[in-house]
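Model the full assembly from the supplied sequences, consistent with the hints where possible.
These protein sequence lines are chains A, B, C, D and E, in that order. Heads up: the first sequence is residues 1 to 622, going by the numbering used here. Heads up: the second sequence is residues 1 to 102, going by the numbering used here. Heads up: the third sequence is residues 1 to 163, going by the numbering used here. Heads up: the fourth sequence is residues 1 to 485, going by the numbering used here. Heads up: the fifth sequence is residues 1 to 493, going by the numbering used here.
Don't read these hints as lab results, they were simulated from the structure. These numbers were taken from a predicted model, which means no experiment stands behind them.
Among chain E residues calculated to face chain A with C-beta under 8 Å, some are:
(1) SER208
(2) PHE224
(3) ALA269
(4) ALA288
(5) GLY291
C-beta: ideal position from N, C-alpha, C; glycine also.
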Amino acid sequence: MNPNNLLIPVLLPLLLALFSFLLPGSVKRLREAVSVLGAALFVYVAVSFFGQKETLLTVPWMGHGIDFELRLYQFSQFILLAVSGFTFLIALYSTVRMAGHARLREYYGYLFLTAAMSAGAVLANNFVPLVFFWEGLLITLYALITVGGRGAHRTAVKAFLIGGFCDFCMILGIAILWSQTGTLRLSDISVVPQGLTAVSFYLMMIGAVAKAGSMPFHTWIPDAAVDAPVTVMAFIPAALEKLLGIYMLSRICLDLFQIEVNSAPALVLMTLGALTIVLAVFMALIQKDLKKLLSFHAVSQVGYMMLGVGTAVPIGIAGGIFHMINHAMYKSGLFLAAGSVEQQAGTTELKKLGGLARSMPLTALGFLVCAAAISGIWPLNGFVSKEMVFHGSYETGYTVFTVAAWLGAILTFASFLKAGHSVFFGPRAMENAQVHENKPPVTLAILALAALCVLFGVWNALPLKLFIQPILAGHPGAAGEHLDFTAHALAVFNPIALISMGCLLVALGLHLFGFKRGGNKAYLASEPIHRLPVLHTIYDLAEARVFDLYEQGIKGLQALSRFLFRFVDRPIDAFYEKVVVGVGRAASGAIRAAHNGLYANYLAWTIGGLAIIAWAIGALLR
Amino acid sequence: MSNLWVLNLGFAVLLVGVGLYCLLTMRNTVKLLIGIEVIAKGVTLALVAGGAARGNLMVAQSLAITVIVVDVAVIATALALVININRHTKSLDVRKLTRLKG
Amino acid sequence: MHLFLLIGLVAFSAVAILCRELLKSAISLAVASIFLALLLFEMGAVYAGVFELSVVAGLITVLFITAIALTRGDGDVAEGRAQRWVFPLFFLALAVVDVLVMRRLLGRIPAIQGSESGGFSQVLWNQRTFDLVGQVGVISAGVLAVLALFRREGGHGKGEGHE
Amino acid sequence: MSLKKTMAQNIQTIIILTIFVPIIGSFTIPLAGLISKKARSFWSVLLALATTASSMLLIPFALRGGELAFRKVLGLGVDFIVVADALSVFMAVASSFIGALIVVYSLGYIGHEENQSEYYFIVLLFIGSMMGLVFSANLVFLYLFWEIAALACWRLIGFYRVREYVLKADKAFLVTFFGAVAMLLGFILVYAQTGTFDLTAMRGTAIPGIAVLLILMGMFSKSATVPLHTWLPDAGVAPTTVTALLHAAVLVKIGVYAFARLFCWTFRIPEGWQEAIPVLAVVSSLVAAAAAVVETDLKRILAYSTVSQIGYIFLGFAVMNPMGVSGSLLFILMHGLAKAGLFLCAGIVIHATGERDIRRLGGQIKNMPWTAAAFIFCAFSVIGIPPFGGFFSKFMVIVATVQSGRVWVAAAALFAAVLTMYYLFKVFSAVFMGEPAGHGHKEGTRSMVFVVVTLAVLSLLAGLLVAYPTKLANVAAGEILRWMK
Amino acid sequence: MLFLYIIVPLLLAGLLPLLGKLSKRLLPDLLASAAMLFLLVLTVIGARPLISGGGVIQQATWFQAPLNIRLLLDGFSLLMLFTIALVSFVVCVYSIGYMEHYGAKANYYALLLVMIAGMNGLVLSGDLFTIYVFLEMAAVASYALVAFGRGPDELEAAFKYLMLSAVASAFVLLSIAVLFAVTGGVGFGAVAQGLKTLNVRTLVGICSALFLAGFGLKAALVPFHSWLPDAHPSAPAPISAMLSGVLIKVSGVYAMTRVFLGVFGLTPALTTVLTVLGVVSIFVGALAAIGQNDIKRMLAYSSISQIGYVVLGIGIGTPLGILGGLFHLFNHALFKSLLFLNAGAVEQSTGTRSLDKMGGLAKVMPVTAVTSVVGSLSIAGVPPLNGFWSKLLIIIALVQAKMLTLAVLAVLGSVITLWYYLVLQHQAFFGKLNEAWKSVREAPFWMSAATVVLALLCVAVGLAFPFVVGTWLQPAADALGQGVNVALNFIGF
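What follows is the structure, given as structure tokens:
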């Protein structure tokens with residue numbers, strides 16, 4: 001393949017973005033049409049790239065080893081395909097959902113810019129273009145969130161700042177890695193993390209997992225769920241950022257660094273993953289707004305991926321990556337469904353919704369399938385990938401992570417029972433009387449994603465063999481082993497799978513218990529857990545954003561800044577304004593006071609001066 | 001002769017000292033001018049004594065005369081100043097001349 | 001004789017300074033001038049002595065007396081009371097220091113003997129001509145100064161304006 | 001041979017023109033002012049553009065790695081020596097170009113003030129002194145142009161003749177003068193050691209630490225680096241065009257240029273200082289960023305931001321590896337574009353609303369969308385977000401710092417970048433977002449908006465087409481560090 | 001020919017009081033300015049070629065008849081003559097406008113001319129005693145000129161000035177008397193020769209101290225400076241310019257330098273004392289100036305400070321130091337005169353010297369404002385103005401002489417200098433226009449012309465400093481650099 005073709009996935013969306021920017025706002029349908037068609041073309045390009053031989057494009061750029069290098073190989077082919085697919089679906093969905101929005105022009109522009117940047121980041125084989133695209137995504141993220149309206153700006157800034165901080169960490173990591181290895185080419189690097197390179201690993205890991213939305217860098221996601229357009233949520237935090245983040249994390253763990261099983265980096269990653277799973281899902285459980293609930297799950301699920309990749313055993317890694325793609329599908333589907341509901345019912349508050357299954361059957365179907373998938377119901381894709389992660393974490397010997405993952409599974413299912421129950425079943429809420437099914441592009445997108453969830457679950461061999469196994473083939477940990485995860489992908493009768501099933505039952509029980517306790521109101525089903533003695537306090541604190549690292553960080557920044565300002569900057573200024581001027585004035589005053597106008601005084605100076613000079617000359621002569 | 005020169009020089013210095021004392025401690029402006037005159041006398045003495053001691057008497061005399069002439073001019077100007085000041089302040093006290101300071 | 005004249009010179013100078021009345025001071029100064037003139041005579045410096053006698057003892061005394069008469073302000077200036085005992089102390093100290101310094105100089109200072117030729121006027125005219133120009137200049141400066149300070153016309157301009 | 005000679009002569013002529021067109025031209029501006037206001041404005045813009053054009057003519061020469069030094073013997077060891085290489089050409093182009101844009105902007109901004117003749121006169125003199133400075137290869141002439149710049153800066157900061165403002169101008173002048181004379185003393189120490197002021201003759205000379213300290217005081221005072229920085233925020237009392245000029249094009253870049261020219265290009269400085277300067281730079285960066293977070297005056301925030309960014313430039317030069325040096329050079333360009341844009345945007349806001357306290361501003365995006373967009377573009381560039389130009393320069397500086405083994409310094413610098421991000425967004429939110437404070441403010445004249453949009457677009461283009469300036473910067477970096485080999 | 005420098009002003013001074021009866025304004029203005037212009041041209045065209053081969057001694061003539069007056073001219077004297085002629089010409093031009101309201105112009109010019117004659121004579125004399133005589137001549141004229149306004153301030157200042165000067169003269173004379181007694185002569189050559197043959201270090205030390213006190217008082221070196229802040233501000237502005245610009249340099253610095261470098265020979269002890277005095281003067285003068293509210297008093301303190309630089313430079317004793325010191329002397333004559341003339345213009349227009357009451361005068365007095373900016377920056381040592389180059393040379397010389405501490409102090413001094421000049425600028429010219437001065441007009445033509453000439457000279461000397469240094473200063477520094485040899489060579493004449 002001609003290496004220059006590698007620019008197409010970047011340039012095509014870029015052109016689409018420019019088209020959208022330049023097209024006057026008054027032109028209505030053309031923009032949507034071109035966008036959908038263009039996105040389809042994008043998918044076509046990605047598909048045609050799939051399975052190609054490894055291709056490298058190198059353009060000299062800035063010297064110092066900074067070249068514009070793109071590399072197409074199995075992993076990037078796969079991610080590229082996913083990116084293009086989601087772009088297409090979101091574009092399709094947006095034609096309805098965003099119709100008539102005041103800033104449509106910018107919306108599509110940023111959408112395709114995001115796609116272009118993502119494609120670039122995925123293909124980049126040199127750290128500088130990688131960071132270029134990677135960090136460039138911050139701008140589109142910022143811009144897309146602000147499309148949500150005036151109130152969204154705060155959230156957009158939050159997202160930007162968190163992302164920026166983590167990206168800077170990654171830059172530092174890259175810088176260290178470069179200084180250690182002497183090259184910026186990703187494909188040339190493979191080091192053992194120790195000493196400085198370990199620092200580099202952690203820093204780059206922060207960048208990667210933060211992009212994916214891991215704790216504690218997740219806090220903008222629930223905020224954005226409220227402020228940003230739901231398509232943006234479905235596109236970025238739910239899909240693209242997971243793809244990119246976990247892609248990067250896998251690159252770091254598989255290629256750039258040689259991570260041993262249960263080595264310190266692996267344990268750190270797993271711990272972070274486990275914490276993310278549990279803490280985020282606890283937050284998700286008690287949410288009373290569908291979009292917020294979904295957004296917390298978007299965080300929680302990252303934990304599985306990190307846990308999987310962090311196990312450093314082949315099945316775990318494969319599970320993590322597989323979970324990434326699965327999650328992108330069902331979480332997008334869920335967000336899109338939520339968006340559909342929002343568009344039709346005007347709200348996503350669980351309390352105000354109910355019984356929509358009849359009036360919006362297709363949306364409900366899509367939602368339920370996706371919810372089942374995320375909960376890990378057999379035989380959907382979520383089950384497969386989660387099982388792989390469970391296996392992987394179990395293999396490391398640290399069962400505690402497996403337990404945490406199971407706990408997450410329980411609560412995930414419980415919260416989706418609550419959500420599904422309160423939105424689509426139960427008595428129909430008064431406000432929802434006039435709700436109808438949404439337009440075809442919307443349902444099409446949702447159903448397509450749901451169908452993929454089923455497909456990847458039932459025919460899991462397809463993604464596993466096509467996508468996942470080739471990626472791991474070159475991995476040192478898997479070298480020599482014959483990789484085949486399909487064998488027991490859907491196997492139920494093994495201890496781990498059985499425990500997982502049991503977890504689901506526990507979740508059902510919890511839900512029913514809560515449902516009864518809450519006076520048959522589904523949205524209150526999580527209240528028993530919410531009300532648990534210690535947990536309740538913690539929840540309150542969390543609601544007050546005490547655990548929000550961003551808010552605390554900003555407070556810290558401000559405090560530090562005030563400190564530096566008051567005790568370093570101002571004293572320096574005071575030195576000039578007060579001390580120097582004061583000393584000058586004081587000296588001047590003293591000298592002026594000495595000139596008191598008395599002749600005798602002046603004469604005394606003269607004679608004294610003569611005496612001193614005579615003495616000095618005498619002394620110096622000797 | 002050298003000893004005589006030293007003697008004269010000693011007295012000349014004494015005169016200058018007395019004159020400086022006057023300038024330092026006295027208040028009356030006219031008195032100060034008298035102090036200046038005393039100093040001038042000391043200087044004249046020193047000049048002539050110097051000449052006399054080394055056989056340069058004629059030069060010394062011409063120098064002394066010039067000094068005296070200069071002295072007159074200075075004293076005249078000074079007295080004119082004193083009289084003018086006296087017109088303004090109605091006083092001869094040098095310690096009241098402290099308009100200019102700082 | 002020489003020493004006597006020197007002591008007289010210093011003594012009258014001191015009196016001129018310590019005298020409470022300006023007029024007496026001026027006269028004491030004139031007497032001191034006469035002593036100096038005698039000293040100069042004694043040293044052979046006749047012309048300088050004559051000049052001293054006429055100009056300093058005469059002209060300057062007249063100037064002083066005129067000024068004292070014009071100002072009539074000697075009554076309002078009270079010299080410090082301490083003068084009576086401070087001056088002797090100062091004088092004594094000065095004299096002691098003077099004697100000490102001069103004794104160290106005694107006979108120690110090498111010197112080049114002058115080799116003068118010609119009389120006074122020749123020296124004055126041939127060697128110190130430039131000084132004469134200077135004298136003329138200084139005198140004219142003095143005259144112009146007095147003229148400027150006692151000028152009638154013109155007023156004070158803005159000189160008095162600022163305080 | 002003769003061809004080469006004619007070319008050298010051409011280059012000489014161009015350099016002389018670049019230096020003296022603005023300097024001599026500046027003195028004709030008051031004369032043009034006698035004709036009419038229009039003539040003066042036109043003439044000023046023309047001069048500025050001519051300077052830019054003439055400096056740009058040198059780019060091909062510099063890209064070829066050409067280095068030309070020629071001298072006019074004046075006696076007393078202070079010959080007028082001019083050196084044209086990639087470094088000086090890079091600086092000259094960056095400064096004169098941004099300067100020219102600011103002059104265009106001034107047409108709208110200063111259009112109704114008094115003392116316009118003086119304004120344009122001094123601005124052109126300012127630009128001219130910068131041109132002279134970058135081409136000077138004699139320490140005395142370096143100092144000379146240095147002080148002319150300080151002088152111009154003094155008049156311009158006190159442009160509004162309010163007493164407090166004039167006092168701030170005095171402060172600026174005094175602090176920079178203090179630093180400058182200290183630097184002069186340093187130069188003289190070097191002179192006492194080498195017996196020459198000629199930089200070209202001193203390449204690779206090791207100089208004593210005390211001289212480094214003294215010279216550094218000059219650079220720090222001019223480039224407003226902690227602890228000699230507080231005059232720069234105070235200089236915000238000047239018309240915004242002036243502040244933009246100070247921050248972006250001319251003044252603060254002088255110090256860093258001198259750093260590159262002296263401590264990288266010419267002298268070998270003692271080990272201890274090589275270790276200390278990066279730390280000093282990053283401390284400056286941090287303190288200033290912190291101050292920017294706390295301040296509420298729009299222009300003071302931006303001023304502290306400059307102080308903070310200057311720290312990076314120093315850092316890049318101070319680590320003395322090719323990447324750091326070319327990163328810092330790029331930084332000068334990128335920061336110049338973006339900071340000029342930010343200030344000029346702030347100028348539009350201040351011009352329209354008469355308000356500088358960000359707590360009393362808000363919602364201006366409604367009234368001035370172009371300005372808001374330009375502001376955020378430039379802010380992205382200053383923060384260092386791709387694809388804007390600032391990203392590359394910051395990235396290179398950080399990477400170079402790590403490469404030189406100073407991981408903690410790089411980490412601190414990145415932390416300052418986080419602060420930068422925070423305060424710039426704070427400013428943007430406070431000024432353009434939120435509830436509108438006051439309505440119906442106009443966006444400013446066409447020339448003003450044109451310039452800010454141009455700067456914003458240039459900030460973006462500088463990132464997308466970063467390869468071109470980098471080429472020049474790399475050539476310069478190679479030349480600068482040549483003696484190290 | 002050189003005798004013209006003395007006799008022309010002196011004769012004119014004698015004539016003017018008579019001519020003044022004929023024409024109160026025009027004739028004195030015209031004649032004085034013409035005489036000064038004549039001397040200036042004479043210096044540039046006539047006198048400079050004389051010293052192409054080093055110093056000369058010229059026999060004065062009176063209508064072709066030789067007089068027994070021998071005038072010494074070397075590079076140093078020439079520089080001083082040039083400075084005197086330049087500043088006094090500008091001052092005369094300025095006086096045309098300024099002295100209108102004082103009246104008695106003829107008398108004023110006569111005194112001024114006597115003063116100039118005195119300074120010229122001082123510079124041209126080759127004899128310690130003659131130096132004293134002409135010093136007194138200039139001084140007596142200057143007492144009267146300080147008191148010319150006859151206000152209480154003026155009289156008080158003149159009185160103190162006179163009383164301190166008289167003491168200084170006595171010191172000088174005493175020293176001359178001792179030298180005369182020891183060496184048997186008062187000519188430079190005789191004294192130098194005598195001191196060379198005799199070994200009288202202690203005596204020379206004492207004489208040095210006396211000379212330093214005497215001439216130091218004339219030059220207003222701290223601690224002998226106390227009269228200057230009173231006398232210079234009180235005088236009419238052109239006279240302030242004259243005093244600060246030339247008189248303290250001629251009767252103080254020139255005489256001191258001549259004696260120490262040309263007759264005694266600079267010893268390390270003297271170097272130390274001179275440089276320390278110089279630095280102390282720099283700081284005392286500069287610090288005192290910060291707190292001043294009277295514009296002219298500030299300038300006067302500034303003179304003390306700048307004289308400190310001159311003495312510092314010369315005191316180093318190295319060729320470069322001397323060059324720097326002399327250059328600064330010349331420059332200071334230019335810019336300090338300029339600043340005093342500016343102050344005079346402001347005083348005349350607004351009627352006040354108080355900085356507090358001024359403000360924003362740049363708007364109504366643009367020429368004065370611009371020229372004063374030039375002067376201020378120049379004196380602070382901002383390039384490319386002339387003050388920078390001379391300070392640069394001094395500091396280079398200090399560093400080369402390994403006097404690093406003094407160099408740092410000198411540099412700091414120039415920062416303080418800039419400080420108070422900025423205070424002056426923002427109080428007087430910069431800043432908002434004070435309401436009271438809305439109707440103030442720019443100074444009359446001749447005054448503005450004088451300031452513009454000086455300002456242009458400041459710039460021109462700054463830009464063309466190699467030329468100026470080569471033409472006027474290098475010969476002067478060379479003459480001094482030879483030390484006592486110059487004087488010894490002249491003994492045969």
